[in-house]
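Given next are the chains, with one letter for each unit.
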Amino acid sequence: MEHIRTPKVEQVKLQDRFSNKVIAGTLYLTATHLIFILHHHIASVEKLSLTAGGCPLLIQCRNFRVVHFVIPRERDCHDVYSSLLRLLRPAYYEELYAFSYNPKQNDQQREEGWQLIDLNAEFERMGVPCDQWQLTDVNREYKVCETYPRDLYVPVTASKPIIVGSSKFRSKGRFPVLTYFYQEKKAAVCRCSQPLSGFSARCLEDEHLLQAISKANHNCRYVYVMDTRPKLNALANRAAGKGYENEDNYSNIRFQFVGIENIHVMRASLQKLLEVVGARFLSMTDYLQGLESSGWLRHIKAVVDAAIFLTKAVAVEGASVLVHCSDGWDRTAQVCSLGALLMDPYYRTIKGFMVCPSTHPICSAFHGFRCDQLDGDPKEVSPVFTQFLDCVWQVTEQFPQAFQFSEWFLIQIHEHVHSCQFGNFLGNSQREREELQLKEKTHSLWSYLLAEQQNYENPLYSPALAETQPILEPSTLPCHFKFWRNMYHQFDRTMHPRQSILKHILGLRESNRELERTANQLESLILTAPHGRKESEEESGNAEEEVPARSGAERTVEGSSANENGYIELQGPFSTKPEPQMVSLELGVARMTC
Amino acid sequence: MFSIKPLKPTLKSCVPPLQPDMKKAPQLTIRKLEAKLLPGEIVVSEVNFVRKCMGTGCSQDDLWGKLICTNFKVSFVSHEVLDRQVFQYRNRLLGDHDVPLACVEQLVTVNEAKGKQKVLLSNRKLKFSPTELVLYCKDLRVLRFRFDEAGPESSRKVCLAIAHYAQPTDPRLLFGFEYVGKLYRPPAGEHGGRLQTPLFICPSDWDREVKRTGATEWRVCSVNEGYAVSPSLPEHFVVPASLADQDLKQLSCSFVGQRLPLWCWNHLNGSALVRTAGIRDVAEQRKLEQRVCNAITKSHPKRSSAHKVHLDRSLPSIRDVRASFVRLRQLCAIGPYQESEDKWLSSVESTGWLDNVRAFLQQSVEVVYMLEGKHVSVILQEEEDRDLSCVISCLVQLMLDPHFRSLVGFQSLVQKEWVMGGHRFLDRCNHLKRSEGEESPMFLLFLDCVWQLMRQHPAAFEFTEIYLAVLCDSMWIPVFSTFLFNCPRQWAEYSQDFTQSGQQGEDRAVRFPPVWDWSQQFSLRDQTLFNSPMYVGKGVAARVQNGGVRTFRRAKPKIYSSMVRGTASMQNGVLGAHATLPRRNSLVLRLLSGSETPAQPDSPDSASQCFVRDWLSRPADPHGLLLPELLPSHLQLWRFYFLRWVSEARIARGGPITALHRLSLLVDEIETLQARLRQYGGTSTPPGLPPGSPDPGLTHRMPSEQSKMYFKTGPLAGPPQQPEYLSSSFPFSPVGNLSRPSTLGTPLSKLLSGAGL
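Residue numbers (full-length UniProt numbering), protein chains in the order written: chain A, 1 to 594; chain B, 1 to 757.
Treat the hints as calculated values from the structure; they're not laboratory data. Incorrect hints may have been included.
As the list claims (entries may be wrong) - With a straight-line cut-off of 16 Å between C-alpha atoms, the simulated EDC-like cross-links for lysine to aspartate or glutamate are:
| hint | chain 1 | residue 1 | chain 2 | residue 2 |
| --- | --- | --- | --- | --- |
| 1 | B | K712 | B | E648 |
| 2 | B | K343 | A | D286 |
| 3 | B | K127 | B | D139 |
| 4 | A | K231 | A | E205 |
| 5 | B | K116 | B | E132 |
| 6 | A | K482 | B | E112 |
The following block holds chain A by itself, in its conformation from the complex:
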């Protein structure tokens, strides 16, 4: 609280980004929220030059909301500005919202929430450990690699000295470990960081380890090594004593560059994208050209391409694949996760998706979750996770029936990655997380999401598809990659579609259930009560009229009662926070946050 100078400013105007609509109200500043905008969401605060109406304050959030306040007095504005600057960059983890957030759960519930994700159980589901892969305790004290978790799976034939030797040859000690096991063909997806090969260095242990990975798969004589970087970047790394595997030194590897750009390019690309779509009077030409020159969709495509390659190699060819980039936590994580998503229908369910990112990039220490919660180096911030979610969304667009979750699930996850309300995305490695005692002090997002699962379900999902079409083959023609409006414009209410298929189908399903229930009820009535025929007839007469009315109403309601569009309505019921009574900004802000 000590950082807040002015907790309340009256007569503040909120401007809509795409029109001149203005709403007046009172601005409140609390320790964690600026009227419901979480401080952690705020990416940048800008004070624009003075205008006649007052002093403008522009706030850009990481969940792609842009808020434009106009504060009548300049001093108030400055106070808010400086308070925000301090508040949104806490210096210690303990200042984060997650440590103060309390959703009225007792300790047991909290524990259950954390137990939802069990990595070892997940590996067991994949069929590991098996005769070729085993659990190793080499990293028990985080001695070999401090950014890896404790439990790691390696080939049976890989001995400890080999592992340790290999880890010394890999950047940050991240040696090849199992991340996904394709049981059907016994093919493995492994990940690591780049080798410290420089121009000519070799490491026998590393070569042995790759040999072991290759031997663990009898289907295929060779292992694919995917370097997800562009070749140029890898070459440049050689000068720094890093680099890539030399095909001559390793027996039986097939090396391939994939060409996904690094986080700095991605960050600039996303920034450009947001600039383009945030313009007010956008012409078709500007939009299309801007979209292209931002390159965002091209980068998305590159990731999907790589994932398809991975899928092909593993699921079709039955070959094991080793994936790495520079440090093996950004691009590698994206590609492995997306690849697993395409290969394994389990990850396309709500529960599976929670495990999928946790095996791969996010929760467990594989992925440096550098979302800049603390006041850190802005150069290390990257939209890796946003990009991953975007990739998943592109695939859901192509296969609307294959996923159990809808895009709101993805958006909700994205929201909380930045909100720091839950402990899942804090810390960069398992070790850090243990040190922070996240499991004891914070809550898990997954239990929160599971509790309101019905809000995120994709009504088009057909589970039968998992058997008939286990492997998804998305088309990666550039025409199939679209701008994800509901993500990047999620807070611009005027941009939302007026009618969505999703909402429609939800309505239909509801009425279907209703009808089925009535029908069954009537059937049983007729069967069980032959004597009371008169009544049952009457009953059925009533119901006959009622039910079409119900279903019809359902449909009419779909369009007319919805005060807002589908998104808001769906979001509405689970906004647990009380809406502020006195703030008439409600229209502009309160509804935007959920």
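Guided by the hints, dock chain B onto chain A, whose structure is given.
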């Protein structure tokens, strides 16, 4: 069928050089391959052992068969018994591999050995024997045939025949005349009865439309009977009641093409939509305009003066539209997919097609604002009143009147504004290959605009995008009166001419069938592909109202009120902005609350933008006004139409169709259940049924309750299976034939093909 029939005199003129050869052509095929011929269709030339290529090169998926050119189509009949390339729907007029000649845009013959390539035009010579024939079609298909194993002479002849027949010079040479003459099927018979689409040929259709929209101050006039006044107007049309026939005749001379102002539609608030041609005489312009405006003003209940919109000034010309379409076609049908990887968006941008779509939608919104928001009549003025105004008036009516969003309503709209409005289909489709300058894909542009609306409001339309695509394809089948003529008069003339020249033609009036009788092309089952599962029909609402009286007591009050609101404010299917009931989010309330907040003084928003924003803040009503959102991110390329033939763009077992499939199943299930419930209600009447026994008809649908959905739930309640043949270009895609490498077109594809996958 193959025997040579004596040719009709009309045909002789265009056949001569090839006929003798055709007689000699030996029919020594291993298995007899025959083209399915329609009445009046004859085989002109054919060649066997032709290879139909599936990709740019030769592959094992190629089909072998016979290429046949008839006077109607280019037909390919495959040798293979198990044809791997089957469409999921069947056109009764065309086979799977057939292309109507009218659909052929360009014909390129190639001789690989000599490295020669020639665009083949009618009556040109072909000096080399072709090894390859590429057909570029107007529906964006590209077909490639190779003649490696075929006789060089006969392949040359087929190419020449196709080139010749694809470019007729006289409309009477179009196949429709042959077909209709042979077919002789009075449409008033079995088919006419089912045809619910008004054709607006007789005054009663117009009368009904006037009554439906409540246009009391307008009358149907027959001043153009026998096309005495204007050649391009229909015989009957609607004019302000204050103008007498005499006035009209007098006025007509001053308009371009004698086209008098033509009433299109009336808003519930009395404002009318009128389209008119330009005025020729500049000197008299003001006076005439005044007169017309006065008459229209008089027909407005509040006597508010009409607003004039000059479409020529604000919209791209038909030439612009054509140019952008040509670029788009280049991109979608021919464009190298692998190279254009990174430039896809800018290539789409450079075609300017989406810009055009947006401009037309934008203009329509402005007009809607005038009619709905300002309650004034609108006059759409275009120099000829036969192109741009068709698009705009149709879009405006679609946005305002839910009637036109039903299938029958939409068809009547197209019939009214395009066919009767005198859109020059013959010239714009360039059926006669006369002048490129007249050709323009205005109708396709209109359908694309409709698609954009449909995508934003899926529940408001009764039809699907498949319907729009099929409708567009029907333009290239020169059989239907809808797309064959420049104006109603031409249609009447040709029908008459034909009757007279016919051999036995006594009193038989040749009637070209309109395209709306879909049973000519598709089976009833295939026609169900047109029905959108999401449509909330008026019929449903009405039934709710009738059946729901007693049960409303029990229904939740919220539903009750919303339903009353939905129906009460919907008079004539039009949502009145000033409905008597104060709606929760009505304009009135919004204005009240709006007055509390001080309006931004320096607001550059135009009034129409405010109107749009107001509409956006209200709940969506599929039976009310629909407005498109026009921010660039809301408009998309109509991928289904433009990319359906491109195998690289196909998403196997995915795409929007799978969502539609799932929805259809649900809707079908609901219908089945409702039918069951109705049966329970009905069981009280037959007294013979023992009380305890289950009703035998229980699980079956009543015969009258034919499901409207293409995808139906199976009899057993199991998990719904998604058919394997679904793909993003369903129903147009060939199934399972292409062992398509899924990374085709990606940088990794080379590796994948080289690495022995």
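Hint check results:
{"no.": "1", "hint": "B/K712 / B/E648", "in the structure": "30 Å, violated"}
{"no.": "2", "hint": "B/K343 / A/D286", "in the structure": "14 Å, holds"}
{"no.": "3", "hint": "B/K127 / B/D139", "in the structure": "29 Å, violated"}
{"no.": "4", "hint": "A/K231 / A/E205", "in the structure": "25 Å, violated"}
{"no.": "5", "hint": "B/K116 / B/E132", "in the structure": "10 Å, holds"}
{"no.": "6", "hint": "A/K482 / B/E112", "in the structure": "40 Å, violated"}
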